[in-house]
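> Using the sequences and the hints given, assemble the complete structure.
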Amino acid sequence: MISFGSDLHSYGFASRKEFIMPAGDAYCSSSLAGNTRKYHGMLVAGRRVLLSFFEEHVNGKRISVARYAGALQDEGLRYLNGYRHYPPAFYYMVDGVSIKKSMEFDGGLTVRYDVCGEAELIIRPLMTDRGYHETRRNVTLDVIYSNNGFKAGRLSVWSSLPFIRDPQVYYGVLYERDAERGYDHVEDLFSPGYFKGVVKGSEALVRAIVDGLEGKPEGFKVAGDAIGVLETAADGFLVGDTVYAGYHWFAEPWGRDTFVSLPGLLLERCRFEDAKRVFRYFAGHIKGGLIPNRIPGGYNSSDAPLWFIYALGKYFEKAEDPKFLEESKEYVENIMSGYPDSEAARLEGALISVKPETTWMDTPFTPRMGKPVEVNALWVNAIQVAEKMGVEPPVRPAAALREFGRFWNEKKGCLYDVIDPADDAVRPNQAIPLAMGLVERKKASSAMEVIRRELLTPFGLRTLSPRESGYIGRYEGDASYHNGCVWPWLMGFYIEASLKLGEPKEKLAELLEPLLLHIQDAGLGTISEIFDGDPPHEPNGCISQAWSVAEVLRAYKMVKNEDFKA
1 MISFGSDLHS YGFASRKEFI MPAGDAYCSS SLAGNTRKYH GMLVAGRRVL LSFFEEHVNG
61 KRISVARYAG ALQDEGLRYL NGYRHYPPAF YYMVDGVSIK KSMEFDGGLT VRYDVCGEAE
121 LIIRPLMTDR GYHETRRNVT LDVIYSNNGF KAGRLSVWSS LPFIRDPQVY YGVLYERDAE
181 RGYDHVEDLF SPGYFKGVVK GSEALVRAIV DGLEGKPEGF KVAGDAIGVL ETAADGFLVG
241 DTVYAGYHWF AEPWGRDTFV SLPGLLLERC RFEDAKRVFR YFAGHIKGGL IPNRIPGGYN
301 SSDAPLWFIY ALGKYFEKAE DPKFLEESKE YVENIMSGYP DSEAARLEGA LISVKPETTW
361 MDTPFTPRMG KPVEVNALWV NAIQVAEKMG VEPPVRPAAA LREFGRFWNE KKGCLYDVID
421 PADDAVRPNQ AIPLAMGLVE RKKASSAMEV IRRELLTPFG LRTLSPRESG YIGRYEGDAS
481 YHNGCVWPWL MGFYIEASLK LGEPKEKLAE LLEPLLLHIQ DAGLGTISEI FDGDPPHEPN
541 GCISQAWSVA EVLRAYKMVK NEDFKA
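The numbers in full-length UniProt numbering rise by one with no breaks, and the one at position 281 of the sequence shown is 281.
One or more hints might be untrue.
As the list claims (entries may be wrong) - With a straight-line Cα cutoff of 30 Å, these simulated DSBU-like cross-link-like pairs (lysine-lysine) come out:
| hint | residue 1 | residue 2 |
| --- | --- | --- |
| 1 | 507 | 443 |
| 2 | 412 | 388 |
| 3 | 318 | 557 |
| 4 | 323 | 287 |
| 5 | 560 | 443 |
| 6 | 505 | 442 |
| 7 | 442 | 388 |
| 8 | 314 | 560 |
| 9 | 500 | 442 |
| 10 | 557 | 507 |
| 11 | 200 | 151 |
| 12 | 314 | 507 |
| 13 | 500 | 388 |
| 14 | 318 | 388 |
| 15 | 442 | 557 |
| 16 | 276 | 500 |
| 17 | 500 | 318 |
| 18 | 276 | 314 |
| 19 | 287 | 314 |
| 20 | 388 | 443 |
Stated by the list, open to error - Derived CB-CB ranges, DEER-like:
| hint | residue 1 | residue 2 | range |
| --- | --- | --- | --- |
| 21 | 181 | 110 | 26 to 36 Å |
| 22 | 165 | 513 | 47 to 57 Å |
| 23 | 300 | 507 | 33 to 43 Å |
| 24 | 319 | 12 | 40 to 50 Å |
| 25 | 9 | 71 | 13 to 23 Å |
These are calculated hints, taken from the structure and not from any lab test. The beta carbon of each residue, even a glycine, is placed where N, CA and C say it ideally should be.
Structural data, given as structure tokens:
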């Protein structure tokens with residue numbers, strides 16, 4: 001269980017602690033000091049912010065927190081005595097009256113106020129109706145009123161308390177995290193009125209329903225230990241037959257992220273039926289040998305189809321499933337027939353050459369045109385998996401593995417990041433072939449020492465060595481995204497490669513401790529997308545990223561499973 005005490009009285013502390021509670025295609029998210037991003041909202045559904053937050057008063061004292069252009073209303077933090085997660089629960093003490101506010105999805109969002117003592121509650125919903133990438137000014141909504149609530153578009157809100165009609169617009173609500181990122185960060189919110197009543201030794205409920213909203217994801221559970229908390233977070237990424245890449249702004253299916261994540265999110269947890277639905281969903285979108293990186297469209301990824309086959313291989317390592325094996329042969333044949341001469345990649349000799357900006361390092365600052373090391377490791381793995389499945393690959397695995405030896409950089413004692421043309425920058429992509437066992441032991445040990453010395457941090461691997469001229473130690477947008485920022489998902493392959501070289505599991509388990517402690521920072525109960533390359537490695541990017549959670553879970557299973565053999 002994640003909990004905080006008196007530190008919550010500080011706006012600087014509380015505003016940096018965020019939570020997200022997903023439910024299918026919806027979520028509830030904020031910081032412990034109110035909304036600090038345009039992506040925050042008490043109820044966000046279908047990537048639209050509908051219910052922003054509640055302005056709350058207890059016995060005339062405001063307990064909610066909000067920031068406006070020119071004003072910070074943070075006095076509510078003095079009444080906030082604690083927070084517990086998961087599900088989110090806030091504990092207040094106002095003039096000797098104890099209030100617990102908790103939130104839960106169950107076919108809709110229920111906000112429960114448990115009062116110990118007697119208190120007058122005033123709860124004012126603040127609303128909008130916009131895409132979560134946007135802000136909106138001068139907002140008005142068509143509202144249908146009733147005695148205990150209202151309906152506005154798809155959203156219905158009602159309560160056990162009487163509703164008082166009092167339409168108002170709240171101008172200049174400010175989102176400071178978006179201001180820091182250089183995005184639109186001020187908007188107006190509409191309130192149709194408020195709920196008001198005296199509660200004595202009982203509870204008050206406010207319920208919000210969106211037409212078509214699902215409840216908790218299937219298989220959802222709440223657990224208290226760090227790994228249990230991460231497994232709860234993992235459940236939140238599975239939406240229907242797809243996997244969402246991250247929250248908040250990657251809340252959609254991405255091909256690459258999905259199949260990097262699938263082993264940790266589902267396969268290590270024996271969620272085989274869920275995994276098959278995801279495979280089938282993306283298999284239905286194979287075109288010209290490519291898996292879309294984003295749906296719809298987005299056939300611009302040279303590695304997504306190879307990650308698809310990587311995850312398939314992991315599936316069949318875990319599950320005896322002859323029927324699905326036969327079904328999957330068609331998927332692999334479709335990739336193998338089109339991928340070697342596709343819009344993103346082509347076969348040159350026995351290796352794969354790619355177009356610029358088509359790997360996971362996909363910004364103009366890291367074009368990586370040529371033959372990237374991890375793409376070709378995935379290619380070798382893919383043709384090995386295909387051959388095991390009875391699918392004829394375009395080249396023999398032995399020939400590709402032999403040519404893969406060209407990636408060895410004798411001068412630096414590690415692998416080139418790209419060949420043809422050669423790029424000898426020390427990057428973490430070489431951890432993937434090391435984890436796959438594609439490099440002979442002596443060379444693998446040397447490369448791992450370089451990674452350990454130049455790239456390893458408490459929160460994952462840097463995307464570029466600080467010894468390289470292009471290194472940027474603080475997150476500064478796309479320029480630093482893959483040129484120094486730390487990515488936690490790479491820790492899974494680092495741990496796997498270390499195990500292959502005989503590193504003690506106890507020592508490797510210690511490496512995961514900072515990431516397990518991170519669930520109490522930034523996105524509560526989950527793991528951030530990226531961290532700064534330089535100490536103290538501040539978290540950044542999305543507060544909750546699927547492959548970060550997935551690969552930490554997979555790494556943990558590897559070091560804790562006595563039967564695991566690298």
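> Hint by hint, say whether it matches the structure.
Status of the hints after comparison with the structure:
1. Of the supplied pair hints, the one linking residue 507 and residue 443 holds, its CA atoms being roughly 22 Å apart against a limit of 30 Å.
2. Between the alpha carbons of residue 412 and residue 388 the distance comes to roughly 35 Å, so the proposed pair goes past 30 Å and is violated.
3. Between the alpha carbons of residue 318 and residue 557 the distance comes to roughly 13 Å, so the proposed pair stays at or under 30 Å and holds.
4. With a C-alpha separation of about 24 Å, the suggested pair residue 323 and residue 287 falls inside the 30 Å cut-off, and the hint holds.
5. Straight-line distance between C-alpha atoms of residue 560 and residue 443 comes to about 27 Å, which keeps the hinted pair within the 30 Å bound.
6. Of the supplied pair hints, the one linking residue 505 and residue 442 holds, its CA atoms being roughly 20 Å apart against a limit of 30 Å.
7. Simply put, residue 442 and residue 388 have alpha-carbon atoms about 28 Å apart, close enough for the 30 Å limit, and the pair holds.
8. Simply put, residue 314 and residue 560 have alpha-carbon atoms about 18 Å apart, close enough for the 30 Å limit, and the pair holds.
9. Straight-line distance between C-alpha atoms of residue 500 and residue 442 comes to about 12 Å, which keeps the hinted pair within the 30 Å bound.
10. Distance hint between residue 557 and residue 507 is fulfilled; the C-alpha atoms sit about 14 Å from each other, no more than 30 Å.
11. Between residue 200 and residue 151 the CA atoms are separated by roughly 28 Å; this keeps the pair inside 30 Å, and the hint holds.
12. For the suggested pair residue 314 and residue 507, the alpha carbons sit about 25 Å apart, so the restraint of at most 30 Å is met.
13. Distance check on the hinted pair: residue 500 and residue 388 sit about 22 Å apart at the alpha-carbon level, within 30 Å; holds.
14. A hinted pair counts as satisfied when its Cα atoms are at most 30 Å apart, and residue 318 with residue 388 qualifies at roughly 15 Å.
15. A hinted pair counts as satisfied when its Cα atoms are at most 30 Å apart, and residue 442 with residue 557 qualifies at roughly 27 Å.
16. Only pairs whose Cα atoms come within 30 Å are accepted, and residue 276 paired with residue 500 is accepted, the gap being roughly 29 Å.
17. Pair hint residue 500 plus residue 318 holds up; C-alpha atoms about 19 Å apart against a cutoff of 30 Å.
18. Of the supplied pair hints, the one linking residue 276 and residue 314 holds, its CA atoms being roughly 12 Å apart against a limit of 30 Å.
19. Between residue 287 and residue 314 the alpha-carbon distance is near 23 Å, which keeps this suggested pair within the 30 Å criterion.
20. Of the pairs offered as hints, the one joining residue 388 and residue 443 holds, with about 27 Å between alpha carbons and a cut-off of 30 Å not exceeded.
21. Between residue 181 and residue 110 the CB atoms are about 32 Å apart, so this pair conforms to the stated range of 26 to 36 Å.
22. Between residue 165 and residue 513 the C-beta distance comes to about 53 Å, which sits within the given range of 47 to 57 Å.
23. Taking the beta carbon of each, residue 300 and residue 507 are about 40 Å apart, inside 33 to 43 Å as hinted.
24. Distance hint for residue 319 and residue 12: a CB-CB separation of about 48 Å, consistent with the stated range 40 to 50 Å.
25. Separation of residue 9 from residue 71 is about 19 Å and conforms to the stated range, judged on CB atoms against 13 to 23 Å.
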